[in-house]
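Trainee: Residue strings, one per chain:
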Amino acid sequence: MNKKLHPEIIKHFHSTTFTTPIIGVTGGKGGVGKSTIAINLAAAFVANGKKVALIDADVDAPNDSLLLGIPLENPEPVTIMQPVFDSDKCTDCQKCVKACQMNSLFRSREKTITMMGECNGCEACYLVCPADAVGRGSHSVGTLYTTRRGDLTLYTGALQPGLAESALVVNAVKKAAFADADNFDIILVDTAPGTHCNVIGALKGAGHVLAVTEPTPLGAHDLELILSLLDMFAVQTSVVLNRSDLPGQQEKTEKTGRAGSVPVAAEIKLDKDLLAGYLQGTPVVELFPNSSAAKIFLDLADRLAAAWPDQKTQAKTKARQEQL
Amino acid sequence: MKEIVILSGKGGVGKSSLTAALAHLLTEKGTRLTLADTDVDAPNLHIVLGAEFDRSRAVAASDKAIIDYEKCSRCMRCVKACAFDSIIGDNEPIIISYSCEGCGVCALVCPEEAVSVQPMENGKINFVTSGAVRVVAGELGIGESSSGRLVDIVKREARQEASLNGSDLLLTDGPPGIGCPVIAALKGSDYAILVSEPTPSALSDLQRITEVVRGFNIPAGAVLNRNDMDEKSARITRDWLIRNEVPLLGEIPYDPCLPQALARGALAVNMYPDAPSSLALRNLHKVVEGLLD
Ligand code: SF4
Ligand code: SF4
Ligand code: SF4
Ligand code: SF4
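Residue numbers (my numbering), protein chains in the order written: chain A, 1 to 324; chain B, 1 to 293.
Hints in this document: simulated from the structure, not taken from any laboratory. Keep in mind that a hint or two might mislead.
In the DSS-like style, the derived pairs of lysine-lysine whose C-alpha atoms are separated by at most 30 Å in a straight line are [what the hints assert, rightly or not]: (1) A:Lys98 / B:Lys71; (2) B:Lys80 / A:Lys175; (3) A:Lys11 / B:Lys232; (4) B:Lys2 / A:Lys98; (5) B:Lys80 / A:Lys89; (6) A:Lys4 / B:Lys2; (7) A:Lys4 / B:Lys286; (8) A:Lys272 / B:Lys232; (9) A:Lys98 / B:Lys80; (10) B:Lys187 / A:Lys269; (11) A:Lys11 / B:Lys2; (12) B:Lys80 / A:Lys11; (13) B:Lys286 / A:Lys95; (14) A:Lys111 / A:Lys98; (15) A:Lys295 / B:Lys2; (16) B:Lys232 / B:Lys2; (17) B:Lys80 / A:Lys95; (18) B:Lys232 / A:Lys4; (19) A:Lys98 / B:Lys232.
Computed footprint of chain B on chain A, listed as stretches where at least three residues anywhere in the stretch have a Cβ under 8 Å from a Cβ of chain B [as the list claims (entries may be wrong)]: (20) 120 to 131; (21) 204 to 212.
Yeah, the Cβ is synthetic: ideal placement off N, Cα and C, and Gly gets one too.
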């Protein structure tokens with residue numbers, strides 16, 4: 001199903017209104033260590049004197065604040081439009097019921113329109129109503145948090161449990177961070193697992209993406225999926241191989257990377273310092289700055305800052321984007 | 001027939017491996033079961049089972065807007081009307097199909113009747129046989145949306161398959177997270193098994209998924225995987241489960257046999273029946289068997 005995307009869509013994906021570089025951290029499979037890598041990379045950039053925005057766009061399971069050990073602050077609701085029906089004005093034409101593709105509207109016996117199912121705020125009911133009986137209310141689908149600690153600002157989106165509107169919360173958290181983009185030297189985005197539209201939404205604008213994986217058959221399988229997604233959008237990508245010494249199939253993962261000509265940016269072994277930081281809620285870069293795990297992140301941050309992998313690859317990606 | 005769904009909130013806590021091992025142990029003891037893989041973003045139950053697809057069928061899981069450019073007058077009203085920013089363009093409207101929700105607002109505002117909303121094939125249902133177990137697995141096209149609707153289709157197909165082969169149990173491997181596909185996987189289940197591991201992140205995700213499951217009034221129990229990872233976090237998780245009256249169905253120790261077996265496309269419960277994780281899984285499977293009565 002590797003459809004070719006319209007070149008305008010690819011251009012739109014890469015367009016931003018600011019120049020601060022965006023680095024995405026993703027990986028098809030859940031639990032491969034995306035968040036661990038994102039928060040440590042953020043800490044490494046800070047240690048290197050950069051002002052960093054970290055966007056936790058895994059709105060179903062946002063854990064970056066736990067891993068950083070900083071409690072969430074400044075909650076703001078993420079709201080969408082939700083119709084309010086005025087039964088005095090309603091002429092019972094039922095056009096709204098027909099227009100709602102979510103099949104959420106019902107006409108009850110008292111001839112009033114009620115909302116029974118999910119509403120995504122599309123406004124179709126509002127637009128079709130001939131009697132001006134639909135008003136625009138609002139309804140909260142999640143919470144946005146902005147937490148500042150020194151040179152690091154964490155933007156977290158949290159979907160309200162029981163609701164389905166992950167994509168809207170992802171967009172809201174990105175919008176909030178992008179509004180402050182000029183205050184940062186670098187923006188990091190930690191995505192949800194998977195290869196669906198939320199991940200694309202989270203990565204929109206990223207100049208470089210780290211695809212995190214582990215050397216298991218599941219890791220290799222899901223890496224292939226995420227790499228083809230990133231390829232569709234012509235995104236500059238490199239692989240981070242986590243738990244590289246797991247008994248498994250490192251060769252296969254490396255082969256997948258090579259097949260997509262994607263370089264391995266870093267290799268991280270099972271590491272007790274890293275695990276200690278994870279359990280304790282402190283980046284290993286802060287907890288044990290001289291450990292070998294910390295050095296990997298500090299070094300990766302250096303290379304990314306210096307427009308890693310190299311000018312040639314960048315020029316190639318750029319040429320491809322322009323060609324499209 | 002009973003329906004049990006395995007969920008975790010957090011990805012990578014061993015949900016698929018656990019599903020596969022339980023399925024194997026239950027069939028060994030004579031339970032007839034069908035598996036549904038509803039992690040449509042990254043379906044990999046078949047990899048854990050070391051099995052191949054028998055057949056696949058394309059399905060339309062989404063409705064998407066399509067523009068007829070012959071009719072379009074380039075008035076750009078649709079671009080402004082779309083609440084999901086799914087139409088872009090300066091001189092000509094272009095639909096970003098992957099984020100289009102199929103709401104039909106663009107069609108409503110279009111003065112030229114140039115837009116229609118049509119079903120689009122963007123997923124597959126794969127059928128897999130592994131020994132006596134049939135698996136119905138959904139697979140969403142890369143970069144597509146509407147995983148919730150695809151999960152609905154997978155569950156419908158799996159129920160059909162289960163009733164055809166006379167299953168006592170439909171065991172569903174759920175997607176990670178708490179959003180729309182998770183809710184679709186959960187709906188209609190008799191019981192939810194929540195897999196977690198002893199880390200602060202996994203506990204936070206366990207709390208969120210418990211809230212969702214409770215919201216749907218579905219009884220649930222927890223499994224603590226890799227329980228020896230961190231003693232302190234394990235204790236906190238157990239305490240939380242007790243305080244919130246979520247029964248602990250079982251605990252499974254970390255076991256290097258698991259990745260080893262996985263790398264060979266085999267199940268650890270088969271390959272290493274006496275390994276610590278295999279013994280723990282046997283205990284757990286008895287508990288799950290008890291849920292079926
Ligand atoms: S806003 Fe859209 S989804 Fe919500 S009730 Fe109206 S038509 Fe239905
Ligand atoms: S479209 Fe307006 S007038 Fe018609 S049923 Fe709906 S609310 Fe009432
Ligand atoms: S159907 Fe709805 S979401 Fe899709 S392009 Fe039209 S207005 Fe936007
Ligand atoms: S509203 Fe209709 S005519 Fe206007 S730009 Fe959109 S598709 Fe074309």
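Trainee: So, for every hint listed, does it hold in this structure?
Mentor: Comparing the hints with the structure gives:
| no. | hint | in the structure |
| --- | --- | --- |
| 1 | A:Lys98 / B:Lys71 | holds (24 Å) |
| 2 | B:Lys80 / A:Lys175 | holds (18 Å) |
| 3 | A:Lys11 / B:Lys232 | violated (49 Å) |
| 4 | B:Lys2 / A:Lys98 | violated (36 Å) |
| 5 | B:Lys80 / A:Lys89 | holds (27 Å) |
| 6 | A:Lys4 / B:Lys2 | violated (43 Å) |
| 7 | A:Lys4 / B:Lys286 | violated (49 Å) |
| 8 | A:Lys272 / B:Lys232 | holds (16 Å) |
| 9 | A:Lys98 / B:Lys80 | holds (22 Å) |
| 10 | B:Lys187 / A:Lys269 | violated (39 Å) |
| 11 | A:Lys11 / B:Lys2 | violated (49 Å) |
| 12 | B:Lys80 / A:Lys11 | holds (19 Å) |
| 13 | B:Lys286 / A:Lys95 | violated (54 Å) |
| 14 | A:Lys111 / A:Lys98 | holds (15 Å) |
| 15 | A:Lys295 / B:Lys2 | violated (51 Å) |
| 16 | B:Lys232 / B:Lys2 | violated (36 Å) |
| 17 | B:Lys80 / A:Lys95 | holds (22 Å) |
| 18 | B:Lys232 / A:Lys4 | violated (50 Å) |
| 19 | A:Lys98 / B:Lys232 | violated (55 Å) |
| 20 | 120 to 131 | holds (count 7) |
| 21 | 204 to 212 | violated (count 0) |
The structure shown violates the earlier hints numbered 3, 4, 6, 7, 10, 11, 13, 15, 16, 18, 19 and 21.
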